[in-house]
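Number of protein chains: 6
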Amino acid sequence: MAEPLSLITATPEEGRQLAIMLARKSIVAMQPDPEVRKALRPDYAKDTMQLMIAAQVVALEFQTIAQANNHWKQVFTESQPES
Amino acid sequence: MAEPLSLITATPEEGRQLAIMLARKSIVAMQPDPEVRKALRPDYAKDTMQLMIAAQVVALEFQTIAQANNHWKQVFTESQPES
Amino acid sequence: MAEPLSLITATPEEGRQLAIMLARKSIVAMQPDPEVRKALRPDYAKDTMQLMIAAQVVALEFQTIAQANNHWKQVFTESQPES
Amino acid sequence: MAEPLSLITATPEEGRQLAIMLARKSIVAMQPDPEVRKALRPDYAKDTMQLMIAAQVVALEFQTIAQANNHWKQVFTESQPES
Amino acid sequence: MAEPLSLITATPEEGRQLAIMLARKSIVAMQPDPEVRKALRPDYAKDTMQLMIAAQVVALEFQTIAQANNHWKQVFTESQPES
Amino acid sequence: MAEPLSLITATPEEGRQLAIMLARKSIVAMQPDPEVRKALRPDYAKDTMQLMIAAQVVALEFQTIAQANNHWKQVFTESQPES
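Protein chains in written order, with my numbering: chain F, 1047 to 1129; chain D, 1047 to 1129; chain P, 1047 to 1129; chain H, 1047 to 1129; chain C, 1047 to 1129; chain B, 1047 to 1129.
Incorrect hints may appear among the rest.
Claimed, not checked - Derived Cβ-Cβ restraints for the label pairs, each shown as a range:
(1) C:Gln1063 - H:Thr1123: 33 to 39 Å
(2) C:Lys1084 - D:Leu1051: 33 to 39 Å
(3) C:Asp1089 - H:Pro1088: 37 to 43 Å
(4) C:Thr1123 - H:Pro1088: 31 to 37 Å
(5) B:Pro1080 - H:Lys1119: 47 to 53 Å
Said to hold, decoys possible - If you only want the chain C side, here are some residues facing chain B, beta carbon under 7 Å, derived:
(6) Ile1073
(7) Val1074
(8) Gln1077
(9) Leu1086
(10) Pro1088
(11) Asp1089
Said to hold, decoys possible - Straight-line distance between alpha carbons at most 27 Å, and here's what the computed BS3-like set of lysine-lysine pairs gives:
(12) P:Lys1119 - D:Lys1084
(13) H:Lys1071 - C:Lys1092
(14) H:Lys1071 - H:Lys1084
(15) C:Lys1071 - C:Lys1084
(16) P:Lys1071 - H:Lys1084
(17) B:Lys1084 - C:Lys1084
(18) P:Lys1092 - P:Lys1119
(19) P:Lys1084 - H:Lys1119
(20) H:Lys1084 - C:Lys1119
(21) B:Lys1071 - H:Lys1071
(22) B:Lys1092 - B:Lys1119
(23) D:Lys1071 - F:Lys1092
(24) B:Lys1084 - F:Lys1092
(25) H:Lys1119 - H:Lys1092
(26) D:Lys1092 - D:Lys1119
It is worth saying that the hints were derived from the structure and are not from the lab. Everything numeric in this text was worked out from a predicted model, so none of it was measured. Where a beta carbon is used, it is the ideal one built from N, C-alpha and C, also for glycine.
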């Protein structure tokens, strides 16, 4: 059974991957047919405007995930050697 | 009688579904005719730019819902076994 | 005399209606002529891209209204029976 | 001498007016020539897509102003009769 | 040597100027050639849609700067005469 | 081994660079082929609309990074001489 969706991730990098996954999840919700989605890929994969609009979606989803994880501050303060 | 609208959901997944519902609710408010909306579906279902703009709406609504639910932090901290 | 504008609403549903009203208020501020606005309706009412851009405005206004009402958390925690 | 710019307003309605003013201020900063701006008005005044994009700018500026004024909560809680 | 970039400004007006500067800084980062940028100016200076998209960038950057300066609340509360 | 991604930066300027890097990281995630990306550069490098949409992505990512770094307030309050 797939892990239940959580916004909590161990690292910012995982947060980025989650943001991309959530952005794609929205597309799937609106266009559920995998064959159609596959056929549509060329429409945006080489269209810089659409790549940037997609990057906006990732940035918005990532902002939410970063807030959920308190911007992973504790991950990096813990890993800093006592100066 | 339909449940009154609430932003509080049990899980992030329900939060995603609510975000999609709210995005659609806005479209209904501006285009109340279900037959027109049904006829319009092909206009965006295979238009990657419009699918991405729709994904932006979902991301914005989801950010609001995630803030309403404190990013479901307690859902996942409670479900973590005592380490 | 019209009620002074307030962001405080009793329920999320009223918050949605207020968000739509504020979005329309902005359009009125930029295009004050009601006859022109009425004539323009067909331009977006069947244009899915414009309906989605309008939904973004509603989502942004709703985020502000939800923050103003502390996401109506107290409305739903008060109405929960003591478990 | 013009009042120095402040984000603090007495009411949400004044906040809306300030948001529209700030949105216009940005346009002036990028297109300082008043004659050019006046000549450009017809380009957007009857273009529903552009009116909606402008409404997004107002919604964003208003969100900032609402946060600056703590969403005018105290304005409406003070004016509520003691129930 | 240029002052190091800071988000802290004395007034909201300086915050607006900083927001416009940051928006332009992003354009410079993506199109570093000043001659190209100068040649491109006519492309947006009379295009109302692009002026509004630019105003969105300013509104977003300004929101961040306003949060950094606690919306300059102390600037205006200090300058209010004791009522 | 590349440094793990962190949102914590020493200065706002580094925050800007990180925001641009994150925006580009999203484009890479959606168009992994470096040769394709290189070939696409002319499509946006002289397109003012696309440069502005890209600037929106940077502004959004920067807002998240600024929140992660508490807007670098301590960096500038520490460096202010005791008045």
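Comparing the hints with the structure gives:
A C-beta distance of roughly 35 Å is found between Gln1063 of chain C and Thr1123 of chain H, which places it inside the suggested range of 33 to 39 Å. Judged by the Cβ atoms, the range 33 to 39 Å given for Lys1084 of chain C and Leu1051 of chain D is violated: they are separated by roughly 51 Å. The hint said 37 to 43 Å for the Cβ distance between Asp1089 of chain C and Pro1088 of chain H, and at roughly 19 Å that hint is violated. Between Thr1123 of chain C and Pro1088 of chain H the CB atoms are about 43 Å apart, so this pair departs from the stated range of 31 to 37 Å.
Range check, Pro1080 of chain B to Lys1119 of chain H: Cβ separation about 51 Å, and the 47 to 53 Å hint holds. A hinted interface residue such as Ile1073 of chain C counts as satisfied when its beta carbon comes closer than 7 Å to some beta carbon of chain B; here the least separation is about 5 Å, so the hint holds. Taken as an interface hint, Val1074 of chain C does not check out: its beta carbon lies about 10 Å from the nearest beta carbon of chain B, beyond 7 Å. The beta carbon of Gln1077 of chain C comes within 6 Å of a beta carbon in chain B, closer than 7 Å, and the hint placing it at the interface holds.
Proximity of Leu1086 of chain C to chain B holds as hinted, the smallest CB-CB distance being about 5 Å (cut-off 7 Å). Using the Cβ-Cβ criterion of 7 Å, the hint placing Pro1088 of chain C at the interface with chain B is not satisfied: the shortest such distance is roughly 9 Å. The restraint placing Asp1089 of chain C at the interface with chain B holds, with a minimum CB-CB distance near 5 Å, inside the 7 Å limit. Of the supplied pair hints, the one linking Lys1119 of chain P and Lys1084 of chain D is violated, its CA atoms being roughly 35 Å apart against a limit of 27 Å.
Note on Lys1071 of chain H and Lys1092 of chain C: the hinted pairing holds, with a Cα-Cα distance of about 16 Å set against a maximum of 27 Å. The suggested pairing of Lys1071 of chain H with Lys1084 of chain H holds, with an alpha-carbon distance near 14 Å, which does not exceed 27 Å. For the suggested pair Lys1071 of chain C and Lys1084 of chain C, the alpha carbons sit about 14 Å apart, so the restraint of at most 27 Å is met. With a CA separation close to 22 Å, the supplied pair Lys1071 of chain P and Lys1084 of chain H stays within the 27 Å bound.
A threshold of 27 Å between alpha carbons decides the hint, and for Lys1084 of chain B with Lys1084 of chain C the separation of about 23 Å falls inside it, so the pair holds. For the hint pairing Lys1092 of chain P with Lys1119 of chain P, the CA-to-CA distance comes to about 36 Å; that exceeds 27 Å, so the pair is violated. A threshold of 27 Å between alpha carbons decides the hint, and for Lys1084 of chain P with Lys1119 of chain H the separation of about 35 Å lies outside it, so the pair is violated. The straight-line distance between the Cα atoms of Lys1084 of chain H and Lys1119 of chain C is roughly 35 Å, outside the 27 Å bound, and the hint therefore fails.
Among the hinted pairs, Lys1071 of chain B with Lys1071 of chain H is inconsistent with the structure: their alpha-carbon atoms are about 33 Å apart, more than 27 Å. Distance restraint check for Lys1092 of chain B and Lys1119 of chain B: the Cα-Cα separation of roughly 36 Å exceeds the 27 Å cut-off, and the hinted pair is therefore not satisfied. Straight-line distance between C-alpha atoms of Lys1071 of chain D and Lys1092 of chain F comes to about 32 Å, which puts the hinted pair past the 27 Å bound. At roughly 11 Å between alpha-carbon atoms, Lys1084 of chain B and Lys1092 of chain F fall within 27 Å of each other, so this suggested pair holds.
For the suggested pair Lys1119 of chain H and Lys1092 of chain H, the alpha carbons sit about 36 Å apart, so the restraint of at most 27 Å is broken. Taking the CA atoms of Lys1092 of chain D and Lys1119 of chain D, the gap is about 36 Å. The hint is violated against a cut of 27 Å.
Taken one by one, the earlier hints fail for this structure at numbers 2, 3, 4, 7, 10, 12, 18, 19, 20, 21, 22, 23, 25 and 26, listed in ascending order.
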